[in-house]
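First to last, the sequence lines map onto chains X and C.
My numbering numbers the first residue of the first sequence as 3 and each following residue consecutively.
My numbering numbers the first residue of the second sequence as 9 and each following residue consecutively.
None of these hints come from the bench; they were simulated from the model.
Treat the hints with care, as some may be off.
Facing chain X, from chain C, some residues (calculated, C-beta under 10 angstroms) [unchecked claim]: (1) Q37; (2) A40; (3) G43; (4) R278.
Taking lysine-lysine and the BS3-like style, the derived pairs with C-alpha atoms no more than 30 angstroms apart in a straight line are [stated by the list, open to error]: (5) C:K351 to C:K409; (6) X:K223 to X:K262; (7) X:K133 to C:K240; (8) X:K133 to C:K267; (9) C:K351 to C:K224; (10) X:K141 to C:K351; (11) X:K133 to X:K262; (12) X:K79 to X:K133; (13) X:K316 to X:K262.
Don't be surprised by glycine CBs; every beta carbon is placed ideally from N, CA and C.
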Amino acid sequence: MKKSTFIGTVAAATLAAGFAAAGTLDEVKAKGFLQCGVTTGLVGFAAADANGNWDGFDVAVCRAVAAAVLGDPQAVKFTPTTGKTRFTALASGEIDLLARNTTWTFSRDVDLKFTFVGVNYYDGQGFMVPKALGVSSAKDLDTATVCIQTGTTTELNLADFFRSNNISYEPVPIETNAEAQAQYLAGACDVYTTDASGLAATRATFENPGDHVVLPEIISKEPLGPLVRHGDDQWADIARWTLNALITAEELGITSANIKEAAMSAGDNPEINRLLGTEGNLGEMLGLSADWAKNAIAAGGNYGEIFERNIGEKTAIGISRGLNAQWTNGGLLYSPPFR
Amino acid sequence: MSVITDPPQEGFRISQLLYDTRYRSMTIQIVALIGFLLAIGWLINNTLVNLAALGKPLGFGFLWEPAGYDINQRLIEYNSQMTNARAALVGVLNTLLVAVLGCITATILGVLIGVLRLSKNWLVSRLMTVYIEGFRNVPVLLWILMAMAIFIEVFPQPRDFRGEDPAATMKIFESVAITNRGVYLPGPIFNAGSGIVIAAFIASLAAIFFFGKWAKARQEQTGQILPTFWIKLAILIVPSLLIFFIMGKPIDLEIPAIKGFNFAGGIYMRNSLIALWLALSLYTAAFIAETVRSGIMAVSKGQSEAAAALGLRPGRIMNLVILPQALRVIIPPMISQYLNLTKNSSLAIAVGYMDITGTLGGITLNQTGREMECLIILMGIYLVISLTISTIMNWYNERVKLQER
Chain X
3 MKKSTFIGTV
13 AAATLAAGFA
23 AAGTLDEVKA
33 KGFLQCGVTT
43 GLVGFAAADA
53 NGNWDGFDVA
63 VCRAVAAAVL
73 GDPQAVKFTP
83 TTGKTRFTAL
93 ASGEIDLLAR
103 NTTWTFSRDV
113 DLKFTFVGVN
123 YYDGQGFMVP
133 KALGVSSAKD
143 LDTATVCIQT
153 GTTTELNLAD
163 FFRSNNISYE
173 PVPIETNAEA
183 QAQYLAGACD
193 VYTTDASGLA
203 ATRATFENPG
213 DHVVLPEIIS
223 KEPLGPLVRH
233 GDDQWADIAR
243 WTLNALITAE
253 ELGITSANIK
263 EAAMSAGDNP
273 EINRLLGTEG
283 NLGEMLGLSA
293 DWAKNAIAAG
303 GNYGEIFERN
313 IGEKTAIGIS
323 RGLNAQWTNG
333 GLLYSPPFR
Chain C
9 MSVITDPPQE
19 GFRISQLLYD
29 TRYRSMTIQI
39 VALIGFLLAI
49 GWLINNTLVN
59 LAALGKPLGF
69 GFLWEPAGYD
79 INQRLIEYNS
89 QMTNARAALV
99 GVLNTLLVAV
109 LGCITATILG
119 VLIGVLRLSK
129 NWLVSRLMTV
139 YIEGFRNVPV
149 LLWILMAMAI
159 FIEVFPQPRD
169 FRGEDPAATM
179 KIFESVAITN
189 RGVYLPGPIF
199 NAGSGIVIAA
209 FIASLAAIFF
219 FGKWAKARQE
229 QTGQILPTFW
239 IKLAILIVPS
249 LLIFFIMGKP
259 IDLEIPAIKG
269 FNFAGGIYMR
279 NSLIALWLAL
289 SLYTAAFIAE
299 TVRSGIMAVS
309 KGQSEAAAAL
319 GLRPGRIMNL
329 VILPQALRVI
339 IPPMISQYLN
349 LTKNSSLAIA
359 VGYMDITGTL
369 GGITLNQTGR
379 EMECLIILMG
389 IYLVISLTIS
399 TIMNWYNERV
409 KLQER
């Protein structure tokens, strides 16, 4: 960990200036695959199966971008990153895109020089406790031992929350989700805190998920989204509009089932036509082929399909759409128009 | 008969720098030095230019901004509103704590194991060999993780101490709680009048020192040996104890008790500290044992035989003849073992111990994004700690090394 930080730093210092100028799109096209940073393993968001195939909600973003750029959703190489190594990996050019439930904050955007291309999951920090503890509110957690993933915004939110409520606690910083899980299950900490979606995903992997409850308090806003380096606007646009394409596709009712048909020839809805490239030249403006959005959507379906398949109510994780519903359904998902 | 003629007096010529053997090596060294400095300068300049191009010019202003995060083990006052520099200081103290504890334990264990490995008892010496080879040849990180894993899985949770018929009970007269979050020990509470007891204790320490000097001088003059150990022990305990009772027991023991989710009161040693301390000590002790063994074996057999012939008992032979000579072989490699232990303590983050690598090189680095600055400071801090340790140990080495006359 220490070593990778160091190497990353050196690499950032010596290489990054060159990378920014070269154009990430040309580079990705030249090497033939997208290098995408994901978590070290969070079921539903990004996890490798027994065969080493990555799957999940964040992974789907990587695959959609790869499909839009290269026409092949499998042309992705995944770099597992921890909360601590992710930014160095992106800044140094080790990865082209970071899709690792990363919170969009002012200082990361402005001071760390990253461009967040949108929000693919509106989240908030929550607490999980064993039912046996008999706790019903986070405000009852005085003197509790709390496991936190180090290097994340949750660390700062936690300090603020306990401070403003004048509650004492004992933080236990932990490097990865798996270690935190081990400590939590052994009772070395009373509480595990991270983004509510992460808690749901972690709980789903427990032997007895029913023995643990997520407390009602959500103590922060955590808009999670993919991000790229500052300084390459074309690449940022590609990532941004690929994500928007997935969201718009759901809004317009384009699914992986009907996309082939819809993309055959221009239909009655001009926005669908522009999106799928049967009309206009949006792909060309981005520096991509005309069917870029079609490929991106065909890769894993629209936003709603990706959500339901990986983390939706029918999966073990069982997250409802909530804030992440389309704006037409009372949620926050609102893509700018394709025009 | 030989005639000595003065060599012809010639002025210095530039070509001599290269062709005259008196100057050549110096010329080469100066050229190499200039080249080396240029290379370093280029590296630094390159880093600065590229950092500036990335929009991240070097700056240390972040050190004085609020850190924003909490640290569990604090030897000095700290809260999340204090600066990053303060958080770094908390980390430095945690590093020093585990390093000092580790060095002490590793030395005691190492000396014991090293001597036992030379034991004539077959079983004992073989067991020690197994210990040494086992610990030396497995990376210390694995020992740290293993110690932590055992801690977490084996010991009960604080919750188990609750209720009518608790699953776990406190040890040693109900005063020590061993949980998987750490060990809770009884801690002293200093009431009014405790200052006098402490003063008495410090006075006893001074008395022991002067008594030792006096006993030594007396032995050199008269040849009589006093049972100094027992007398020193008596000086250490008796006066402090007397004053403690005369003052009406001003120092109380606070027994930890379950309060909320955890034990409260007393001294709390976190599982991360214990796991790290234990693993580092056991690991380094294996190396120190080998150093001690080599030191003792370096003293020639004739020395102990000569001492025995003079009628010295085995204990005295070890103390007066063997160890003083062995120490000068033992100490120099011992310095590097202490340095290793201190540097290995940077693996603390593996078990969530908030040392300097965890605070400054971990959370601060991550939350501020100042990799270069944090790593430079971090390296500087380790350098200072290491150089201080070697200075102290070298000074000690000067004192014990063989006086050649």
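Hints versus structure:
About 30 angstroms separates the beta-carbon of Q37 (chain C) from the nearest beta-carbon of chain X, more than 10 angstroms, and the hint is not met. Hint status for A40 (chain C) relative to chain X: violated, with the closest Cβ pair at about 25 angstroms, above 10 angstroms. Given the 10 angstroms rule on beta carbons, the hint for G43 (chain C) is violated: about 21 angstroms separates it from the nearest Cβ of chain X. Against a cut-off of 10 angstroms between C-beta atoms, the interface hint on R278 (chain C) holds, since the closest Cβ of chain X lies about 8 angstroms away.
At most 30 angstroms may separate the alpha-carbon atoms for a hinted pair to count; K351 (chain C) and K409 (chain C) meet this at roughly 26 angstroms. Between K223 (chain X) and K262 (chain X), the direct Cα distance comes to roughly 38 angstroms. Violation of the 30 angstroms bound is thereby established for this hinted pair. A threshold of 30 angstroms between alpha carbons decides the hint, and for K133 (chain X) with K240 (chain C) the separation of about 57 angstroms lies outside it, so the pair is violated. Distance restraint check for K133 (chain X) and K267 (chain C): the Cα-Cα separation of roughly 19 angstroms lies within the 30 angstroms cut-off, and the hinted pair is therefore satisfied.
Simply put, K351 (chain C) and K224 (chain C) have alpha-carbon atoms about 39 angstroms apart, too far for the 30 angstroms limit, and the pair is violated. Between the alpha carbons of K141 (chain X) and K351 (chain C) the distance comes to roughly 40 angstroms, so the proposed pair goes past 30 angstroms and is violated. Straight-line distance between C-alpha atoms of K133 (chain X) and K262 (chain X) comes to about 48 angstroms, which puts the hinted pair past the 30 angstroms bound. Distance hint between K79 (chain X) and K133 (chain X) is unfulfilled; the C-alpha atoms sit about 40 angstroms from each other, more than 30 angstroms.
Between the alpha carbons of K316 (chain X) and K262 (chain X) the distance comes to roughly 26 angstroms, so the proposed pair stays at or under 30 angstroms and holds.
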